[in-house]
Amino acid sequence: MVGNSRTHRDRFYVLFRFFQLKAIVYFLYNLRLKGDVEGASEEIVKMLYGRESEVARIQSELEKCISSSCSMSIYISGPPGTGKTASVRTVLRNLSSRYRLIVISVNCVSVNTKAALLRAMLDKLPRSCPSGSSSTLRDNAEGLLRKADCPVILVLDEIDYVQTKNRGFIYAAFQWPSQFASLAVIAISNSLDLTERELPKLKLAVPPVLLPFAPYSKEDLQRILKNKLSSNNGVDERAVELCSRKVAAMTGDVRHAMQIAQRMLPDVRYVPFSSVSLKECAKRVGSADRGACPQVLGAVTNVYRSSLSRTRIPLQQKVLLATMLRLVDKHRSTVLDKGVLLDAYERVCNMISLPTADTSGTNAALSLLESLSLLKSNAHECQLLIDAQTAIDYMADSTLFAQINNLALN
Numbered sequence: 001m002v003g004n005s006r007t008h009r010d011r012f013y014v015l016f017r018f019f020q021l022k023a024i025v026y027f028l029y030n031l032r033l034k035g036d037v038e039g040a041s042e043e044i045v046k047m048l049y050g051r052e053s054e055v056a057r058i059q060s061e062l063e064k065c066i067s068s069s070c071s072m073s074i075y076i077s078g079p080p081g082t083g084k085t086a087s088v089r090t091v092l093r094n095l096s097s098r099y100r101l102i103v104i105s106v107n108c109v110s111v112n113t114k115a116a117l118l119r120a121m122l123d124k125l126p127r128s129c130p131s132g133s134s135s136t137l138r139d140n141a142e143g144l145l146r147k148a149d150c151p152v153i154l155v156l157d158e159i160d161y162v163q164t165k166n167r168g169f170i171y172a173a174f175q176w177p178s179q180f181a182s183l184a185v186i187a188i189s190n191s192l193d194l195t196e197r198e199l200p201k202l203k204l205a206v207p208p209v210l211l212p213f214a215p216y217s218k219e220d221l222q223r224i225l226k227n228k229l230s231s232n233n234g235v236d237e238r239a240v241e242l243c244s245r246k247v248a249a250m251t252g253d254v255r256h257a258m259q260i261a262q263r264m265l266p267d268v269r270y271v272p273f274s275s276v277s278l279k280e281c282a283k284r285v286g287s288a289d290r291g292a293c294p295q296v297l298g299a300v301t302n303v304y305r306s307s308l309s310r311t312r313i314p315l316q317q318k319v320l321l322a323t324m325l326r327l328v329d330k331h332r333s334t335v336l337d338k339g340v341l342l343d344a345y346e347r348v349c350n351m352i353s354l355p356t357a358d359t360s361g362t363n364a365a366l367s368l369l370e371s372l373s374l375l376k377s378n379a380h381e382c383q384l385l386i387d388a389q390t391a392i393d394y395m396a397d398s399t400l401f402a403q404i405n406n407l408a409l410n
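At position 333 of the sequence shown (counting the first as 1) the number is 333 in the UniProt record's numbering, and the numbers step up by one without a gap.
It is worth saying that the hints were derived from the structure and are not from the lab.
Hints may contain errors.
List time: in silico PhoX-like cross-link candidates among lysine-lysine, alpha-carbon distance up to 20 Å [unchecked claim]:
#	residue 1	residue 2
1	Lys376	Lys338
2	Lys114	Lys124
3	Lys147	Lys124
Modelling step: build the complete structure from the supplied sequences, incorporating the hints.
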């Protein structure tokens, strides 16, 4: 009996030690995993200098939604290259490492019809059947959202590109937070006034949180470039300052700033921040030409010209831009009354025998021009953000410009 008792004690002790060691290993693994996640998050945030408050706001709103099982929507707006998408991705990576979530991210540049948007959404939902008519797809999506057993975050990026006739999906998405629990809808747009133009019509029970992203300032861009390229004075400070000042004055687009820096420093190969350390960047930059300032203006011109060559705008937007140029020249001001601009646009369309867009079509045309940082508008005014020659280059249609420029707009 004594031997059996000792045997049982030994077995119990072995099992106890086994599970104790297993618990220690599990704890250390999670500690390391947490450290890796936090380290990765810090690495990503380094590329988001100047966006600390925006990232904190997105994180706070989503944390509140997840922890209290409530629903909400966020409308993030701002010119291209201001860190909107990067900020959202940073927050979602951090939250996904801590909570069980279903994250549905859709880029509306390539997926911009109602049926395509619903299919893209259903592809990310469990037990879905992404086939059938638009109404069937919507019913399926809403049924799955209702049954979801964890928080769902729907990200709609570049919603400016959703065709006007398919805006019904966007409207439905903003209404979902009032219908389903634990749902967060994040819409990212280059247009600043979609909420003023469209969403008030819906009379939403849960209005979206509005989060505008301003263009990067010279100081922000300078800080980003310095931390991206060198920490040991490997770059000509004057070149970085001039590059930052030029980009901030034109668009505030951090991607343009990085492209210009790449052209100024041919020895530095641009790669994602997370895959190269600052020390390695400093070594690559160390051999670069310190007298880079004379190259900055040429690099700025090349980057913005190449951006123009990749951009093709539709006919309605060309006519609207040409009309705006004509009025800017006439009134000697880049700021125009919105009503005056739209009236002139309608008259120009009639004069050149072009079908006039309806109100939603005209607003969509303005939104696209705004998304390209060619102009900015609000409920009352429109302001041209580029010079006449750059606008003409964007139109890439000298005949159309000359035709509209010669019209008498009284």
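Restraint status (C-alpha distance of Lys147 to Lys124 at most 20 Å): 14 Å, holds
Pair hint Lys114 and Lys124, alpha-carbon separation not exceeding 20 Å: 16 Å, holds
Pair hint outcome, Lys376 versus Lys338 [Cα-Cα no greater than 20 Å]: The given pair, whose Cα atoms are some 11 Å apart, holds under the 20 Å limit.
Checked against the numbered hints above, the structure violates none of them.
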